[in-house]
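Asker: What follows is each chain in one-letter form.
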Amino acid sequence: MSLPERSGPPDAGPAPVGELGDSTAESPRSPVRTTRRRPSWALPAIAVGVVVVAVLLAYLRSGSTDVVSQAVVTGILVGGVYGLVAMGLTLIFGVLDIVNFAHGAFLTVALYITVVMVNRFGVYPMLALVVAVPVMFLLGAAIQRFVLAGAIGKPLENQLLITLGLALLIDNLLLLFFGPNPQSVKLPGDTAVPIFGAVTTVSRLLAFGVALVLAALLYVLLRRTRLGTAIRAVAANDSGAQLVGIDTRRIYMTTFAIGTACAGAAGVLVAPLVTIEPTTGELFNIIAFVVVVLGGMGNVVGALVGGVLIGLTEQLGALLLPGQSPLLAIFLVFVLVLLFRPQGLFGRTS
Amino acid sequence: MRKNWIVGLALAAPLALAACGGSAPPGTPGAGGGGGGTAGSGQTIKIASLHPLSGSSAADGQQMDNGAKLAVEAINNAGGIASMGGAKLELLSADSKGAPETGQSEAQRLVQEGAVAIIGTYQSAVSQNVAAVAERNKVPFVIDVSSADAILSQGYQYTFRLQPSGTVLADQGAQYLSDVSKAAGKPAKKVAILHEQGPFGTAIKDTFTKKAQSLGMEVGPVASYDPAKVSDFTTQVTEVKASGADVLMVAGYYRDGVLVAKAVDTVKPTLNAVWGVANGAFDLPQFAAEAGKAGEGFFDANYHLNGKNPQTQALMKTYQDKYNDQIRTGAVLSYDAVRVIADSLNRAKSADPTTLRGAIAQTNLESLVAQKWPITFSSTGENQGAAPILMQVQGGKVVQTYPQDFAETMYRYPATTGQ
Amino acid sequence: MSAATQERSTEEAVLPRPAWGRHLIVLAVLTVLLIPLPLILPPATQAVAVRVLIFAIMAVGWNIMSGFGGMFSFGHAAYFGLGAYTSVWLLVNHGVSPWIGMVAGMVVAALFGVAVGFLALRYRLKGAYFALSTFAFAEMLRLLAINSDFVNRAVGYNVPLRREFSLAFMQFAPGAPEYFWMALGLTVVAIAVSILFLRSKLGRFTVAVRDDEEAAAAVGVPVMRTKILTIALSAAITSVAGAFYTQYYFFIDPEGAFGPSVSIQAILPAVIGGVGTIWGPAIGALVLGPLNDITATLLRNPPAALSFLQGRAGLDVIVYALLLILIVLLLPQGVYGAIRERVRRR
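Chains as they are written, first to last, in the numbering used here: chain X, 152 to 501; chain Z, 30 to 448; chain R, 55 to 400.
Calculated directly from the structure, the hints in this document are not laboratory data. Here the structure is a predicted model, which means the values were calculated and not measured. Note that beta-carbon positions come from the ideal geometry of N, C-alpha and C, so glycine has one too. Treat the hints loosely; a few may be bogus.
Below are the SDA-like pairs computed for lysine to any residue, each with C-alpha atoms no more than 25 Å apart in a straight line [unchecked claim]: (1) Lys337(X) x Gln423(Z); (2) Lys75(Z) x Pro356(R); (3) Lys180(R) x Pro195(X); (4) Lys167(Z) x Pro231(R); (5) Lys98(Z) x Leu352(R); (6) Lys337(X) x Arg357(Z); (7) Lys297(Z) x Gly340(X); (8) Lys305(X) x Leu376(R); (9) Lys180(R) x Asp248(X); (10) Lys337(X) x Asn353(Z); (11) Lys426(Z) x Thr342(X); (12) Lys258(Z) x Gly360(X); (13) Lys351(Z) x Asn332(X); (14) Lys98(Z) x Asn353(Z); (15) Lys240(Z) x Trp402(Z); (16) Lys297(Z) x Ser215(X); (17) Lys180(R) x Asn388(X); (18) Lys98(Z) x Asn332(X); (19) Lys240(Z) x Ser202(R); (20) Lys258(Z) x Asp203(R); (21) Lys305(X) x Pro386(R); (22) Lys240(Z) x Gln475(X); (23) Lys337(X) x Pro298(Z); (24) Lys180(R) x Arg383(X); (25) Lys258(Z) x Ser315(R); (26) Lys218(Z) x Gly214(X); (27) Lys322(Z) x Leu357(X); (28) Lys167(Z) x Pro97(R); (29) Lys305(X) x Arg398(R); (30) Lys167(Z) x Leu221(R); (31) Lys305(X) x Ala392(R); (32) Lys219(Z) x Leu472(X); (33) Lys305(X) x Tyr374(R); (34) Lys322(Z) x Arg271(X); (35) Lys219(Z) x Ser215(X); (36) Lys180(R) x Arg492(X).
Under 8 Å between C-beta atoms, here's a sample of chain R residues computed to sit facing chain Z [as the list claims (entries may be wrong)]: (37) Ile200; (38) Phe305; (39) Gly310.
With the sequences and hints as input, model every part of the structure.
Answerer: As C-alpha cells, then:
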C-alpha cells in the first residue's frame, strides 16, 4: 500500500476531536509530501464497522446471543476503565513526550490508598477519590519536578529508563510497606445488575460511570479553561508557547500531575474489582499503552474510545480465538494500528 | 592514547567489586566450601531454603521459608541429629525472586557456602533450573512445591518431590468428581474447563480431560486465560452457562480464582459445582474471606495439610503464635522437607551430599500433609504417598470433605453457588 | 541537532583511518589480558563474569541499531529469543550441535529483523511509535510461543545434560573456564564486528542516515536498504547471546526468551555505558552485571549500621532502581561518554 504522491502543501484538515495540539508537533511518521482528503469521522466509522463484524463472527462461533451480548457489555464496561487509565497516559505523552512506564505503579499506589481508607477507616470506596486524587496529583508533580525534569530534551531512552526505574522503585516500596499478601476492598451493596440481556455488577457500572464523568471533566478542562489552553499550546509547540509567556516548566509539572491523578482515580475505581497486590498495576500498564496508540497520542477522547475498543477486542477475542490469549488479539490490533494509522483513530496525518 | 588506560581502569574496577561477592550459576563446584564435609558434633549442618521472598508469589514464598525455619528450630530443640552427636541444623534462606536465573545462581551460591541439601522452590521453572544445578553438583534437592511433571522425567538422580505431581492431582481430581457426584445421586455429565494458559494449567487440563472422559464424562467448553492479565470472567462464565455444563472445573492461581468466584456469582450459571483442581484459591481461608458468599460451596481437589493430624495442629498453632498468620499447605510441605532431610541425615550418619541422597531415597516418614501413606520416593523421586484431598468452602470456612479418612465434615453436592 | 549528537557523530562516523585500528588494538590487548581471568578469579565470580559478557553481547547488538542507527528498539528480546529457541529446538528435536544452531539462530533473527524493519520503515514509523512497534512484535512472539505446541508452549525447553563434556555440544564441567572463554570470544567478535561496521561503508551510511536522513537520501545513500541491513546485523549479534544463554543456563521458556525484561536487559548496559559509542555497551555491562549481586550480598549481610535492612525482601530491587535512575539522570551520556568528555576537556 503506497501513499499517493501529490504536490502542494500538506493539508491540515478539520481539527479532530479531543486532539491536544496541532499534529505537526509530534508526528508518528517521517514527513511525507502527501495529503489525504477524508472526513474525520471516516476512520472511527471503519472501526465501528470492524467491531460489528467481529461481533457477528463471535456470534457465529459461539452460537448464542447471550454470550455475545455478555461479551459486548463486559467489553464496554471494562474498556471504560482502560480508557480512564489511558487518558492520563496520553496527556503525559502529548505534552511531555514521555513514555511513562510508571503509570501502572501510580495506579497501584492509589489502590493501596483505597485499601487503607476503606479497611482502616471504613470509608465508602468511591469516597477515597477525595483523598487519592489530590495525593496522586501532588506525588506526580513532585516526581516530575525533581526527577523527570532532568530528562527533558534528552533522548527517548533516558526518559524510558527513568520511568522504568520509578516503576520498579514504587512497586517494591509498596511491597516493603504493605507486604506481599493480597488485599481486597469491598463495595457495600455490590450486587448483580442485569443490563441489555447481559449481567454485570454495581461496582463495574459505577467504575464506568465515574470514568465517563472524569473524562468529561478532563475534556472541559482542556478545552474551556486557560490552563487547558496553555497545556494545549505547550503540546503543540513548546518554544512558541514560551515566546507567548507560558511557563512551560510549570505546565509540564501540572500536566504530569494531572496524568498521575487520572491514574489515581482509575485505581480507586478499580479497587473493588481486583485483588490488590504490589504488582496489580502492571496489568493495566501495557493495555494502557495500546489504548493510547489506538486513540492517538495526546488525544483524550481518543483514549476513552480506544479503551472501549480494546475492552471489546479483549472480550470478543476470547470468543473468537478460544485457545489463545486475548492479549494476542490486542497486540494484533496494536501492530495494525501502528503500521496503518499510527496517529491513532483520532489523530491526523501531517 | 589516554583513552586506553581509562577504558582499562573502567573495566577492572567493577571486576574487583564483583570479586567481593556475588552469585554464580550453573554448576561451579565449590572450590572452597562446596560439597559440604562431614559434620562432627558441635558443627552445624547447612540446609538451603530457596523460595520467592519477593515478587508476585512473595506471600507464599515467605510462608514456606517460615515453615522451614520452624522445622529447623523444632529439630534443634529436640536435640539435633542424634546419630551425628546432636549436630544442629542451620537454615540458609535465599530469595529466588520467582526468576529461574536468580534461583539457579542462588542455588549455586548456597551450595558453595556449604549447603548439603536444598529445599524449594515453588515456581516450576525455577525448580527446573535448581534441579539441574543439584544434579551437576551432586547435592540433593527436595522440592516442596512445584507441579511440573517434566522436572522429574529427565533421569535426574538428585531431585525429589514432596507434593503430588500435576498428573496425580488432575487424575485424582477427576476421580473424586466422579465418586462424589455419583454418591450424591447426580453424576457429573458435562464438565466445562477454565484453565490458566501456562504449563501448570494446561497440564492439569490435559490429564483431567483424559481421565474424565475415561470415566464417562463429557468435557467442554474449554477456555484458557492469561492469569497475569485477566480482569473479568463474565464472558467465559456466560459461555459455560449457555453450554449446559453441570460442573465447571477451574485450574489457576489465587487472583484469577477470586475473579472466577465473582463472575459465577454475577452470571449465576446453573451448575452443580465449581470444581477446583490444584486451584491456588479455593482451598485458602483467605479466599473464603475475600470472595464471601460468592465462594460458598466451591470445591478444590488439592494437596492439603492434614487438619486432623495432631502434629499438624500443633504446627498450625505455633505458626499462628509466632507469625500472627494462618499457615498454608506450602509451608507445611517445607516443614516436611526439612524433616525428610533431618531424618535422612540421621539414617545416613553423614552430611556428605551423595550419601545423603542415598538415604533420602530410602525415606519412609509420616507426613503432616494429608497423604495416602507415609512419604516414600519412587525411582524418579516422586513421593508415592502423595495425593490430593477434596476441600469445600462451607460457612465461610475451608473444610476437608473426602476421602473418608480425612473428612472433617460431609461434602455438599450439589453445592448451590452463592448461598 | 544537539551538541551531544553532533559530537557523537563526528567522533565515530568520520573515523580517520588509524582510529579504528587503535580500537582494534585495544580490543586485542584486553582480550589477551582477560584470557587468564577464570584461572585467577574465585569460581563465584566466574558466573558474574559470564553474565557480564552475555549482557555485553546483547547490548553491543542493540547499540548497532539503536545507537549507531538511531532506531530505538524496545523489542530486542525478539532476536534474543529467536536465537535461543532456534538453537535449542534444533538441539532437542534433531540433535544438532549448538554451534550450528547458533548460526541458524542468527539467520532466523536477521530475517525476522528484516521483516520487522521493513514493515516499520515502509510505514515510516519513527521515535516512540517505532519503539512501541518493536515492543509489540516481541510480545507477539512471546504470546505465540506460549500458545504453540511447536515450541512446547509455556513449558519451554531444557537442554539435555550430557554424560561427557564436549566442545561440539557446548557442554563443559560446571564452572569450567571454557564457558568464560567462549563467552569472551563471542563478545570480542561482537565488538570487533561493531568496530569494523562503523568503519565500513554500511556503517558510515547508517550514521549519516541517523544524523540527517533527508540529506543522506539527497546524496544518494540507499536509506531503506541501509536501515534494514543495520537492523539485520543488530538482530544477528543479539541472537548469539540468546543461543549461548540457553546453553549456559540449560533452560529457556517464552518469558525468559521474549519477555520485556530481556529487552530492557539489552538496553540498560548501552545507555549506562554510552549509547552510540563502541565501548559503551561493554562498560555498561561491566557496571550492571555485578550490581544486582552486590546489592543482594550487601543486604543479606548488612553492616551493623544498616542491620534493620536484614532479610527484607524487595529492598535490593529498590537500590537497583535508585542507582539506575541516578546514573541516567546524572550521566546522561553514559559512563564512557562522560569519561570521554572529561578526557577531551583536558
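Asker: Run every hint past the structure and note whether it holds.
Answerer: Comparing the hints with the structure gives:
1. With a C-alpha separation of about 21 Å, the suggested pair Lys337(X) and Gln423(Z) falls inside the 25 Å cut-off, and the hint holds.
2. For the given pair, Lys75(Z) sits about 21 Å from Pro356(R) by alpha-carbon distance, which is consistent with the 25 Å threshold.
3. With a CA separation close to 24 Å, the supplied pair Lys180(R) and Pro195(X) stays within the 25 Å bound.
4. Of the supplied pair hints, the one linking Lys167(Z) and Pro231(R) holds, its CA atoms being roughly 20 Å apart against a limit of 25 Å.
5. For the suggested pair Lys98(Z) and Leu352(R), the alpha carbons sit about 22 Å apart, so the restraint of at most 25 Å is met.
6. Distance check on the hinted pair: Lys337(X) and Arg357(Z) sit about 24 Å apart at the alpha-carbon level, within 25 Å; holds.
7. At most 25 Å may separate the alpha-carbon atoms for a hinted pair to count; Lys297(Z) and Gly340(X) meet this at roughly 17 Å.
8. Between Lys305(X) and Leu376(R) the CA atoms are separated by roughly 19 Å; this keeps the pair inside 25 Å, and the hint holds.
9. At most 25 Å may separate the alpha-carbon atoms for a hinted pair to count; Lys180(R) and Asp248(X) meet this at roughly 13 Å.
10. With a C-alpha separation of about 23 Å, the suggested pair Lys337(X) and Asn353(Z) falls inside the 25 Å cut-off, and the hint holds.
11. Our distance criterion of 25 Å between C-alpha atoms is met by Lys426(Z) and Thr342(X), whose separation comes to about 22 Å.
12. For the suggested pair Lys258(Z) and Gly360(X), the alpha carbons sit about 23 Å apart, so the restraint of at most 25 Å is met.
13. Proximity of Lys351(Z) to Asn332(X) is assessed by CA-CA distance (about 17 Å); at most 25 Å being required, the pair is judged to hold.
14. For the hint pairing Lys98(Z) with Asn353(Z), the CA-to-CA distance comes to about 15 Å; that is within 25 Å, so the pair holds.
15. For a cut-off of 25 Å, the pair hint linking Lys240(Z) to Trp402(Z) stands: about 23 Å separates their Cα positions.
16. This hinted pair checks out: Lys297(Z) and Ser215(X) have alpha carbons roughly 17 Å apart, not beyond 25 Å.
17. The hinted pair formed by Lys180(R) and Asn388(X) meets the criterion: a straight-line CA distance of about 19 Å does not exceed 25 Å.
18. About 20 Å separates the Cα atoms of Lys98(Z) and Asn332(X), which keeps this hinted pair within 25 Å; it holds.
19. With a CA separation close to 23 Å, the supplied pair Lys240(Z) and Ser202(R) stays within the 25 Å bound.
20. For the suggested pair Lys258(Z) and Asp203(R), the alpha carbons sit about 21 Å apart, so the restraint of at most 25 Å is met.
21. For a cut-off of 25 Å, the pair hint linking Lys305(X) to Pro386(R) stands: about 8 Å separates their Cα positions.
22. A threshold of 25 Å between alpha carbons decides the hint, and for Lys240(Z) with Gln475(X) the separation of about 24 Å falls inside it, so the pair holds.
23. Between Lys337(X) and Pro298(Z) the CA atoms are separated by roughly 23 Å; this keeps the pair inside 25 Å, and the hint holds.
24. Distance restraint check for Lys180(R) and Arg383(X): the Cα-Cα separation of roughly 22 Å lies within the 25 Å cut-off, and the hinted pair is therefore satisfied.
25. At roughly 17 Å between alpha-carbon atoms, Lys258(Z) and Ser315(R) fall within 25 Å of each other, so this suggested pair holds.
26. Using a Cα cut-off of 25 Å, the hinted pair Lys218(Z) and Gly214(X) holds, with the two alpha carbons roughly 21 Å apart.
27. Simply put, Lys322(Z) and Leu357(X) have alpha-carbon atoms about 21 Å apart, close enough for the 25 Å limit, and the pair holds.
28. Restraint check for Lys167(Z) and Pro97(R): the C-alpha separation of about 17 Å stays at or below 25 Å, so the hint holds.
29. Taking the CA atoms of Lys305(X) and Arg398(R), the gap is near 22 Å; set against the 25 Å cutoff, the hint holds.
30. Restraint check for Lys167(Z) and Leu221(R): satisfied, since their Cα atoms lie roughly 22 Å apart, inside the 25 Å limit.
31. At roughly 15 Å between alpha-carbon atoms, Lys305(X) and Ala392(R) fall within 25 Å of each other, so this suggested pair holds.
32. For the suggested pair Lys219(Z) and Leu472(X), the alpha carbons sit about 22 Å apart, so the restraint of at most 25 Å is met.
33. Among the hinted pairs, Lys305(X) with Tyr374(R) is consistent with the structure: their alpha-carbon atoms are about 22 Å apart, no more than 25 Å.
34. Distance hint between Lys322(Z) and Arg271(X) is fulfilled; the C-alpha atoms sit about 22 Å from each other, no more than 25 Å.
35. Among the hinted pairs, Lys219(Z) with Ser215(X) is consistent with the structure: their alpha-carbon atoms are about 18 Å apart, no more than 25 Å.
36. With a C-alpha separation of about 13 Å, the suggested pair Lys180(R) and Arg492(X) falls inside the 25 Å cut-off, and the hint holds.
37. The criterion of a C-beta within 8 Å of any C-beta in chain Z is met by Ile200(R), whose closest approach is roughly 6 Å, and the hint holds.
38. For Phe305(R), the interface hint holds, since its Cβ comes within 8 Å of a Cβ in chain Z; the closest pair sits about 5 Å apart.
39. For Gly310(R), the suggested interface contact is upheld, since its CB lies about 6 Å from the closest CB of chain Z, less than 8 Å.
Of the hints listed earlier, there is not a single one the structure fails to meet.
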